[in-house]
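Trainee: These are the residues of each chain, in order.
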Amino acid sequence: MKRILAVDDSASMRQMVGFTLKKAGFDVTEAKDGSEALNIAKQQGFDAVISDINMPVMDGITLIRELRNLPNYKFTPLLMLTTESGMDKKVEGKAAGATGWIVKPFNPDQLLAVLKKVIR
Amino acid sequence: MSALSSELDHNLVLENVQGVKQFLTFIMAEEEYGVDILTVQEIRSWEEITAIPNAPDYVKGVINLRGTIVPILDLRLRFGLPYIEYGGLTVVIVVKVECAQQSKIMGMAVDAVSDVYSIMEQDAKMVPSFTESDNSEFVAGLVNVGEKMVALLDLKKAMDI
Amino acid sequence: MSIDLSQFFEVFFEESFEGLDAMEAELLNLVPGEEDSETINTIFRAAHSIKGGSGTFGFDSVAEFTHVLETLLDEVREGKRTLTTELVNLLLKSVDCLRALLSALQAEQALDLSESIELRKQFEKILALDDTPSTQANTITDTVVEVNTYQIDFKPHHHLFKTGNEPLYMISELAELGDLEIVAFHSEVPDITDLSADDCFLSWRFFLNTDKPEQAISEIFEWVEDDADITIALCGGLFSDDEQPKQSKEAQTIESSKVNTSVSKNTAPEVKAAINAKVSAPATAVESTSIRVGIDKVDSLINMVGELVITQAMLSQLGEQEITEATLASLQEGLAQLAHNTRDLQENVMRIRMLPISFVFSRFPRLVRDISQKLNKQVELKLIGEQTELDKTVMEKISDPMVHLVRNSLDHGLETVEQRIASGKDPVGIVTLNAFHQGGNIVIEIMDDGQGLNTQKIKQKAITNRLINETDELSDNEINELIFMPGFSTADEVSDLSGRGVGMDVVRRNIQSLNGSVEVTSASGVGSTFTIRLPLTLAILDGQLVRVAKHTYIIPLISIVESLQIDITKVSRVGKDLDVLRLRDEYIPILRLYQIFNHQDAIETLDKTLLVVVESDNQKIGLLVDDLLSQQQVVIKSLEANYQKVDGVSGATILGDGRVSLIVDISGLIKLSGLRKPGSQELIVESQANLEAS
Chain V
1 MKRILAVDDS
11 ASMRQMVGFT
21 LKKAGFDVTE
31 AKDGSEALNI
41 AKQQGFDAVI
51 SDINMPVMDG
61 ITLIRELRNL
71 PNYKFTPLLM
81 LTTESGMDKK
91 VEGKAAGATG
101 WIVKPFNPDQ
111 LLAVLKKVIR
Chain E
1 MSALSSELDH
11 NLVLENVQGV
21 KQFLTFIMAE
31 EEYGVDILTV
41 QEIRSWEEIT
51 AIPNAPDYVK
61 GVINLRGTIV
71 PILDLRLRFG
81 LPYIEYGGLT
91 VVIVVKVECA
101 QQSKIMGMAV
111 DAVSDVYSIM
121 EQDAKMVPSF
131 TESDNSEFVA
141 GLVNVGEKMV
151 ALLDLKKAMD
161 I
Chain Z
1 MSIDLSQFFE
11 VFFEESFEGL
21 DAMEAELLNL
31 VPGEEDSETI
41 NTIFRAAHSI
51 KGGSGTFGFD
61 SVAEFTHVLE
71 TLLDEVREGK
81 RTLTTELVNL
91 LLKSVDCLRA
101 LLSALQAEQA
111 LDLSESIELR
121 KQFEKILALD
131 DTPSTQANTI
141 TDTVVEVNTY
151 QIDFKPHHHL
161 FKTGNEPLYM
171 ISELAELGDL
181 EIVAFHSEVP
191 DITDLSADDC
201 FLSWRFFLNT
211 DKPEQAISEI
221 FEWVEDDADI
231 TIALCGGLFS
241 DDEQPKQSKE
251 AQTIESSKVN
261 TSVSKNTAPE
271 VKAAINAKVS
281 APATAVESTS
291 IRVGIDKVDS
301 LINMVGELVI
311 TQAMLSQLGE
321 QEITEATLAS
331 LQEGLAQLAH
341 NTRDLQENVM
351 RIRMLPISFV
361 FSRFPRLVRD
371 ISQKLNKQVE
381 LKLIGEQTEL
391 DKTVMEKISD
401 PMVHLVRNSL
411 DHGLETVEQR
421 IASGKDPVGI
431 VTLNAFHQGG
441 NIVIEIMDDG
451 QGLNTQKIKQ
461 KAITNRLINE
471 TDELSDNEIN
481 ELIFMPGFST
491 ADEVSDLSGR
501 GVGMDVVRRN
511 IQSLNGSVEV
521 TSASGVGSTF
531 TIRLPLTLAI
541 LDGQLVRVAK
551 HTYIIPLISI
561 VESLQIDITK
571 VSRVGKDLDV
581 LRLRDEYIPI
591 LRLYQIFNHQ
601 DAIETLDKTL
611 LVVVESDNQK
621 IGLLVDDLLS
631 QQQVVIKSLE
641 ANYQKVDGVS
651 GATILGDGRV
661 SLIVDISGLI
671 KLSGLRKPGS
681 QELIVESQAN
691 LEAS
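So the sequences go chain by chain: V, E and Z. Letter by letter, the first sequence follows residues 1 to 120 of the working numbering. Letter by letter, the second sequence follows residues 1 to 161 of the working numbering. Letter by letter, the third sequence follows residues 1 to 694 of the working numbering.
Keep in mind that the hints were calculated from the coordinates and are not lab data. This one's a predicted model, so the numbers in the text were calculated from it and none came from an experiment. One or more of the hints may lead you astray.
[As the list claims (entries may be wrong)] Quick list of in silico lysine-lysine cross-link-like pairs, BS3-like style, CA-CA up to 25 angstroms:
(1) Lys162(Z) x Lys89(V)
(2) Lys155(Z) x Lys96(E)
(3) Lys23(V) x Lys2(V)
(4) Lys637(Z) x Lys104(E)
(5) Lys155(Z) x Lys94(V)
(6) Lys156(E) x Lys645(Z)
(7) Lys155(Z) x Lys116(V)
(8) Lys42(V) x Lys162(Z)
(9) Lys608(Z) x Lys90(V)
(10) Lys94(V) x Lys162(Z)
(11) Lys116(V) x Lys32(V)
(12) Lys104(E) x Lys645(Z)
(13) Lys157(E) x Lys645(Z)
(14) Lys90(V) x Lys80(Z)
(15) Lys74(V) x Lys162(Z)
(16) Lys374(Z) x Lys32(V)
(17) Lys550(Z) x Lys608(Z)
(18) Lys155(Z) x Lys74(V)
(19) Lys94(V) x Lys2(V)
(20) Lys116(V) x Lys162(Z)
(21) Lys2(V) x Lys608(Z)
(22) Lys94(V) x Lys608(Z)
(23) Lys90(V) x Lys162(Z)
(24) Lys671(Z) x Lys89(V)
(25) Lys96(E) x Lys645(Z)
[Stated by the list, open to error] Facing chain Z, from chain E, some residues (calculated, C-beta under 8 angstroms):
(26) Val62
(27) Asn64
(28) Pro71
(29) Lys104
[What the hints assert, rightly or not] Distance ranges between label pairs, derived from CB positions:
(30) Gln122(E) x Lys645(Z): 37 to 43 angstroms
(31) Leu77(E) x Asp627(Z): 49 to 55 angstroms
(32) Ile161(E) x Glu325(Z): 52 to 58 angstroms
(33) Leu77(E) x Ile295(Z): 53 to 59 angstroms
Every residue, glycine too, gets a C-beta built ideally from N, C-alpha and C.
One chain only, chain V, in its complex shape:
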């Protein structure tokens, strides 16, 4: 079973993403901010990471940069959740090592469709 780490400070988004992915047959671990996600990611491996950008403690861009520097996450798809108004965030995220982005708002089907680009 493919393992995905879902990171969002909003519990409802986290639950929605987690629930959708679990239903699609992924093994999902949830984290509420970048720092918590980084700790989890260091302890166990994931096949993909989906992270919100605006989060307290450690934001998504920093998380992606930190993850990409870890040997185990060199090739791992790292996706960010962003809003359409955050175009420059996409650039910033890419520079930090993000694989791609998912534009909010999205529904469960859109999430799974996008995920197909990097994990099958």
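Starting from the known structure of chain V, fit chains E and Z onto it as the hints suggest.
Mentor: Below, chains E and Z alone, put in the same frame as chain V:
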């Protein structure tokens, strides 16, 4: 005894027939009263009770019914019948009364329980208005069961305190 | 895959309300022009989360509104815009507006969009934006279906794998768009010795025959635009023309049905809300029925239940054995352990409902700001002891009385800036909310450094309202107490803020219904302090068991001042049948509980009974009882659930032996005894001077 068992057979036949209700009957001052069996929660023997200050005389007090505080009424006093000492046959019938928007659990102390009858609702007759009896306001109707007459209780009115 | 998004709504609402609270708190803290980036970030994040969630869950009106909010906040965050006081006010209004929208959505009621539209217009004016649609998804056009062949050159840069992208998946996505022909170039792959497995050396050329627009292709490569050389160009068809139309028609119907479903999904919840609103009752306050509990609290509960289970197992094992002296000892030990476990468990379960009072305090910065602006007064609000915990049920009920007291302090207590300067005070008045634990109670103080209560005015008013007689000699404290009397209000004219007839008497009554008390102390020119005292929880009470005739009653320990044997020489009879005990400098009226409760067979001679001196509303009375029994914690049960309110009794409880015992309601008792005139705080006891003379 045989009369009773034939009553019971009669009950079985009438069960589940439309318009038929089962009534638990009890005795007070040699009269038989009936209460819709669906409202009856349980029947308990008389037990020590905590008095409520300044309550009407027919409110005997409250008991602990598995963690809930339940008031007990003396139905004799409620009906204006003479008070008698509680004895071995004295029982408390715990009923659920639907009051305005909520249901209350209450107990009524009566002389003794009697029987369970199935009664066709349309057999119940209105209480004659000329009755002088004090308690006619608490009786919803009268019904004949064999040779006996049973007064069906208007629970809501009887327990409205 | 169909997923019912409504299962996430409750969490979304809960976190959105929390976000709005945080936003409001930060906005109130913020000094325009001196805002620090973390504050702005917190505000931005709250708006951002609400926007993201509302968009996802289909609450479009909220999403659209938060979108402008977010845009503006983003500009502030980026330093492109500075926050002015007007802007902060506008943002605070938006918080209120969003709260209202979300509450309506949560209650599935019709949305009143007028305010959000108005506010949005103001924001858009500030942003100098045209009314642009906020979602791009609306641009669904009926494009004529055309089948084209594209030549796509895709030459990834060496580092492509390190972005986490996988060319293989992109190729299969391309293949889903139509017929795909692939040419791979491997000329750049170096010798095995120089080969770095981390890098990508392959490149591809694709020929794609598709009815999809070019955009569909570029979307596939969207994430790697900067990590590869990509060219997409139209070229002549590779395939014969006759099989195209049929194929494309199918493709189009699928596409359009997809669009439809996604649109209806997005709007569904709000439509549903609007429909339901017609049936449902008009706006009712949303009462929170869920509670957030720290995981540590839950863990400690689980631990305790574990211990309880072990003790129970031990006891049942002992129960199976024959009782000897040895087993009896361990049985007693086990029972002690059980009592200990149960008490711990009880305390911890109660603690679950304990929340810091900051939940109530947090609404005051906003309130004080709004009111002081309205009154043109300068006010600083100090909050002390925000972490003091109290029961959630008490918390929900104490909020309104506190709001009333704070409004009162701002309106009547604090002076205007001019008055303050004239009397040599700091122009900025200070209102302090202070919470702390004292015994089994929580004490909340509401202090202001204003003018203090005007005793002359209060007295005059009380005389006009015939609450007291002109000749009555009252101490300042007694005069101040008058403000808690029904219908009392000293405001010269009824202002918008207080003095609307809903007076201090209601505040006191509400607090008393929580088994609490409220007092006021005041000094002219220095300020006033209202002190609220409340039990920590409404479910449990420390009680003194007393015996009256053959009945056991419980007196709340919190009300008891002392218990004593009556010195008969110090008892005087006042009027027809009231006995008064002189206790040190005070005269304590004696209430015979057996008389008030109408019980027979009680001890009637004063010197053979005990007097429990209790205090309520600043007044002491003595309750005559036959005997004092034990003290214990009791769980309060309602008498009203199955019976009705009983005067002089606040509730019932079940004692260890299963019997029911009634809890005495002190202030109800005073009323019942006829010791107090209706509406008066004064007991009908002849003046002390009279007694002294006799």
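Trainee: Look at each hint and say if it fits the structure.
Mentor: Going down the list of hints, with the structure as the test:
1. Lys162(Z) x Lys89(V): Holds. Lys162(Z) to Lys89(V) sits at ~19 angstroms (cutoff 25 angstroms).
2. Lys155(Z) x Lys96(E): Measuring from Cα to Cα gives roughly 81 angstroms; hence the hint is violated.
3. Lys23(V) x Lys2(V): At roughly 12 angstroms apart (the allowed maximum being 25 angstroms), Lys2(V) and Lys23(V) satisfy the hint.
4. Lys637(Z) x Lys104(E): holds (15 angstroms)
5. Lys155(Z) x Lys94(V): holds (18 angstroms)
6. Lys156(E) x Lys645(Z): OK: Lys156(E) and Lys645(Z) at ~19 angstroms, within 25 angstroms.
7. Lys155(Z) x Lys116(V): Holds. Lys155(Z) to Lys116(V) sits at ~21 angstroms (cutoff 25 angstroms).
8. Lys42(V) x Lys162(Z): The hint holds at about 18 angstroms.
9. Lys608(Z) x Lys90(V): violated (87 angstroms)
10. Lys94(V) x Lys162(Z): holds (11 angstroms)
11. Lys116(V) x Lys32(V): holds (24 angstroms)
12. Lys104(E) x Lys645(Z): holds (14 angstroms)
13. Lys157(E) x Lys645(Z): holds (19 angstroms)
14. Lys90(V) x Lys80(Z): holds (20 angstroms)
15. Lys74(V) x Lys162(Z): holds (6 angstroms)
16. Lys374(Z) x Lys32(V): violated (41 angstroms)
17. Lys550(Z) x Lys608(Z): Satisfied, since the Cα-Cα distance of roughly 16 angstroms is no more than 25 angstroms.
18. Lys155(Z) x Lys74(V): holds (21 angstroms)
19. Lys94(V) x Lys2(V): holds (24 angstroms)
20. Lys116(V) x Lys162(Z): Status holds; Cα separation ~18 angstroms.
21. Lys2(V) x Lys608(Z): Violated, at roughly 82 angstroms.
22. Lys94(V) x Lys608(Z): Judged against 25 angstroms, a Cα distance of about 89 angstroms means the pair is violated.
23. Lys90(V) x Lys162(Z): holds (17 angstroms)
24. Lys671(Z) x Lys89(V): violated (69 angstroms)
25. Lys96(E) x Lys645(Z): holds (19 angstroms)
26. Val62: holds (5 angstroms)
27. Asn64: Constraint on Asn64(E) satisfied, holds at 5 angstroms.
28. Pro71: holds (4 angstroms)
29. Lys104: holds (5 angstroms)
30. Gln122(E) x Lys645(Z): 37 to 43 angstroms: Given about 41 angstroms between the Cβ atoms, the range holds.
31. Leu77(E) x Asp627(Z): 49 to 55 angstroms: violated (30 angstroms)
32. Ile161(E) x Glu325(Z): 52 to 58 angstroms: holds (54 angstroms)
33. Leu77(E) x Ile295(Z): 53 to 59 angstroms: holds (56 angstroms)
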